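Dock chain B against chain A, hints included.
This is what each chain is made of:
Number of protein chains: 2
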Amino acid sequence: MASTVGNAAPGKPIAIAVVGIGKIARDQHLPTIAGNDRFRFAATVSLSGANEGVPTFKTIPEMVAACPDVSAVAICTPPRGRLALIREALAHGLDVLVEKPPAATLSEAEAIAAAASGSGRVLYATWHSRAAPGVEPAREWVSGRNLDKVTVAWKEDVRVWHPGQEWIWEPGIGVFDPGINALSILTRVLPAPLLLDEATLGFPENKAAPIEAALKLTDAAGVPVEVDFNFDQRGPQTWEIAITSGDDTLRLTHGGGKMELNAVEQPLSSEGEYPRLYARFAELIDARQSEVDLSPFRLVADAFLLGRRTTLAAFDWNG
Amino acid sequence: MASTVGNAAPGKPIAIAVVGIGKIARDQHLPTIAGNDRFRFAATVSLSGANEGVPTFKTIPEMVAACPDVSAVAICTPPRGRLALIREALAHGLDVLVEKPPAATLSEAEAIAAAASGSGRVLYATWHSRAAPGVEPAREWVSGRNLDKVTVAWKEDVRVWHPGQEWIWEPGIGVFDPGINALSILTRVLPAPLLLDEATLGFPENKAAPIEAALKLTDAAGVPVEVDFNFDQRGPQTWEIAITSGDDTLRLTHGGGKMELNAVEQPLSSEGEYPRLYARFAELIDARQSEVDLSPFRLVADAFLLGRRTTLAAFDWNG
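First to last, the sequence lines map onto chains A and B. Residues 2 to 320 (my numbering) are what the first sequence spells out, left to right. Residues 2 to 320 (my numbering) are what the second sequence spells out, left to right.
There may be inaccurate statements among the hints.
The list cannot tell twin chains apart, which means a pair is met if one copy fits it or any two copies do.
[What the hints assert, rightly or not] Straight-line alpha carbon distances no greater than 25 angstroms define the calculated SDA-like cross-link-like pairs of lysine to any residue that follow: (1) LYS150 - ARG88; (2) LYS150 - ASP229; (3) LYS208 - ALA314; (4) LYS150 - ARG289; (5) LYS217 - THR78; (6) LYS59 - ASP198; (7) LYS208 - GLY82; (8) LYS217 - GLY82; (9) LYS24 - THR78; (10) LYS208 - ALA315; (11) LYS59 - THR78.
If you are wondering where the hints come from, they were derived from the structure by calculation, not from laboratory data. From a predicted model like this one, the values you see are computed outputs, not experimental measurements.
This is chain A alone, in the form it adopts within the complex (with noise of 0.2 angstroms):
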């Protein structure tokens, strides 16, 4: 009945659509919620045509029609033209959880987080690296603590991670692809706002993206956090935020998915990003609540607002 769509009750699989079936979607989204016994894979929103054992449609409004049952949908296309999406769906009575970042703008962002608000429907605006397993201890340390720096790290190569993905070198993504990342585990440990002072861009100057980035930025307290964006990294890759209090510092590494409190490794929960991200999915639409925090967003922008450009080597897939 049209009345319990978007409600469905503790304990009853949410029968959930997937829109954009394309790598995130196959690797992540697609086997969590087969694991997770809060929902239910029901259908498939796909322009090109998708095979996952589920009925597939090409718009949401042909998905609801057929798919009565569904109360939900993961959106994982790309973050261009979601606002679009987000409102059909909310328009159908349906919760969503959104892929990071939001969108492809902050004005689309800041109207999708609009949209929802008032819809009645659950709008999650997801960043999947807040679920890594060390990042709410980290919050905990840091917690009443007077800190004296930070550090982030974070530095992949891009021939690795995104082999031959030209889109990355589109304007407006490149190294802050992961280190967006990175930002949305600091904006969650440190006292809000985290804000910057400066930035520095390197562009290859074959590329419409920067390659490398340099942040500083100062958080609620003062606190100097130093950053460092690389995607041009050979030889062992680095995820890491290291945050120093007295004598004491907090390593976060692997992402968050590791944690040592002076060289000494902490124990932490083994649970996936993934499958975080959707038990707290069923949380908020148990609560009727929606969790969208553009702040990592923001910086990236400001980043790119305030950054000073540098021009460095042709960068070759091959080189």
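Same frame as chain A, now just chain B:
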């Protein structure tokens, strides 16, 4: 008495201090305050010292201690660092008017809005071009009409308007210093949200900020909006917005100071932008209501985020 701070009754002049005594304060704020019965110019806060015929102080707390009747401030310092000043003003029970743009970064602007929200104080984030006399009539003309196209040409010579001011070439400003005025009009006149589809930013090879920008946007109804910003305009200077609906064209010229419908000039109020801003500030104080719209600033950040960069010939102040 402390209990009346920020709650001046209508009819009783609002004692106001001006924070940051530079060109914009002297050219616009001081004469406007002098000409508005609702306000009484009571003090200045100026690090460099100011001699405007009223007591001057180095800090807001010093000013408040010496002038307990002051219930409002106008923040005319440069964008960077306004968050700390506005927090201080709000904490001392002052209502706040702030020059455009409200901050140097979006994160800081959001933090300013958050600080004001729930403080019980009034925050008025001004966009002076929105107070141009053609803006509200243009908004009314647009309302309920099907638009076909909007074009913006905002072209001025930086050598004339900012002679020798090197700060204009710091990263993140450039041609968007005037351009944001056009965006503040567009976001008021057209139905929200206005979204950026693509942008090209031209940087002089010797400068860190763009000297020209071309933006393609879409309004809430899908109407295409083409924007052409230029900071290297010799000869006639142009600040125009043309809105086409069927056979009709409405044209705002002179930055919104004049309006033509099908090439026939329309009657407009002759009141200036700053007198209107201060009249609005008095209204907001009477109503205990804030007015903060960051959408023009967000579009600027989006243009930097998505903008494709081109390199142009070196800029020469004497060129």
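Hint-by-hint comparison with the structure:
1. LYS150 - ARG88: between (42 angstroms within a copy, 24 angstroms between copies)
2. LYS150 - ASP229: Classified as within: same-chain Cα gap 14 angstroms, cross-chain 43 angstroms, threshold 25 angstroms.
3. LYS208 - ALA314: Both: 10 angstroms inside a chain and 20 angstroms across chains, each within 25 angstroms.
4. LYS150 - ARG289: Result: close neither inside a copy nor across copies, 38 angstroms intra and 40 angstroms inter.
5. LYS217 - THR78: Between copies only: 22 angstroms across chains, 32 angstroms inside a chain, cut-off 25 angstroms.
6. LYS59 - ASP198: between (45 angstroms within a copy, 24 angstroms between copies)
7. LYS208 - GLY82: Answer is within: at 23 angstroms inside a copy they meet the 25 angstroms cutoff, but 34 angstroms across does not.
8. LYS217 - GLY82: Between. Shortest inter-copy distance 15 angstroms satisfies the 25 angstroms Cα cut-off; intra-copy 31 angstroms does not.
9. LYS24 - THR78: This pair counts as within: shortest intra-copy Cα distance 10 angstroms, inter-copy 49 angstroms.
10. LYS208 - ALA315: Both. Shortest intra-copy (7 angstroms) and inter-copy (21 angstroms) distances satisfy the 25 angstroms Cα cut-off.
11. LYS59 - THR78: within (13 angstroms within a copy, 53 angstroms between copies)
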